[in-house]
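Trainee: Sequence:
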Amino acid sequence: MDKEAFTLRPGETILHSGRANVQRGIDHSAGDLVLTNQRLHFTPHVYKAKSNPVVEIPLQRITAVEHATTKAFGFIPLVANALLIHQDAGGTDGASGSGGTKGSGGADRPYRILLDKRKVWEDLIEKARAAL
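Take the sequence shown: its letters are residues 528 to 659, numbered as in my numbering.
No lab work stands behind these hints, which were simulated from the structure alone.
Note that beta-carbon positions come from the ideal geometry of N, C-alpha and C, so glycine has one too.
Heads up, some of the hints might be wrong.
Unchecked claim - Derived EDC-like pairs: lysine to aspartate or glutamate, alpha-carbon spacing no greater than 16 Å straight-line:
hint : residue 1 : residue 2
1    : K646      : E593
2    : K644      : D559
3    : K644      : E593
4    : K598      : D554
Said to hold, decoys possible - For each label pair, taking beta carbons as the anchor points, the in silico distance ranges come out as:
hint : residue 1 : residue 2 : range
5    : F602      : A657      : 32 to 40 Å
6    : I553      : A607      : 33 to 41 Å
7    : I603      : T534      : 19 to 27 Å
8    : A557      : E649      : 33 to 41 Å
9    : A658      : G552      : 29 to 37 Å
Start from the sequences, fold in the hints, and give me the full structure.
Mentor: So, in structure tokens, the structure goes:
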């Protein structure tokens, strides 16, 4: 993981991390996913960084986490290895700082995150949300 792309904030601790892909329609962005006690943070690999921005979702903005399927061409179901991360409308897409959400999700468009051991991720995200 690029150390410049992710920096812990005061009082923040890493709870889990690993490789993941964020799927947006037919495009997949590979990178690193980090769950902290404050946020879920995805950093795309360098070669995709310009077309696919960093995704950062404060835990207090996550309203639901549900199982999902990887989709070919954005609509053909392939593999049940994804999570949909829903968030409230309080964030501003593309905003940084002030608890805003970076990236292009939003209340009407959940993030589809493809990863290994999705049940482990789901449980850890829910546990971190409950601890807020």
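Trainee: Look at each hint and say if it fits the structure.
Mentor: To see whether the hints hold, each was checked on the structure:
1. As the CA atoms of K646 and E593 are separated by approximately 10 Å, the hinted pair is consistent with the 16 Å bound.
2. Taking the CA atoms of K644 and D559, the gap is about 14 Å. The hint holds against a cut of 16 Å.
3. Between the alpha carbons of K644 and E593 the distance comes to roughly 13 Å, so the proposed pair stays at or under 16 Å and holds.
4. Between K598 and D554 the CA atoms are separated by roughly 10 Å; this keeps the pair inside 16 Å, and the hint holds.
5. The hinted window of 32 to 40 Å between F602 and A657 holds, with their beta carbons roughly 34 Å apart.
6. The supplied range of 33 to 41 Å is broken by I553 and A607, whose beta-carbon atoms lie about 19 Å from each other.
7. With their beta carbons about 38 Å apart, I603 and T534 fall outside the hinted range of 19 to 27 Å.
8. Checked against the hint of 33 to 41 Å, the C-beta distance between A557 and E649 comes to roughly 20 Å, which is inconsistent with it.
9. As the Cβ distance of A658 to G552 is approximately 34 Å, the hint placing it in 29 to 37 Å holds.
Violated hints, in rising order: 6, 7 and 8; the structure is consistent with all others.
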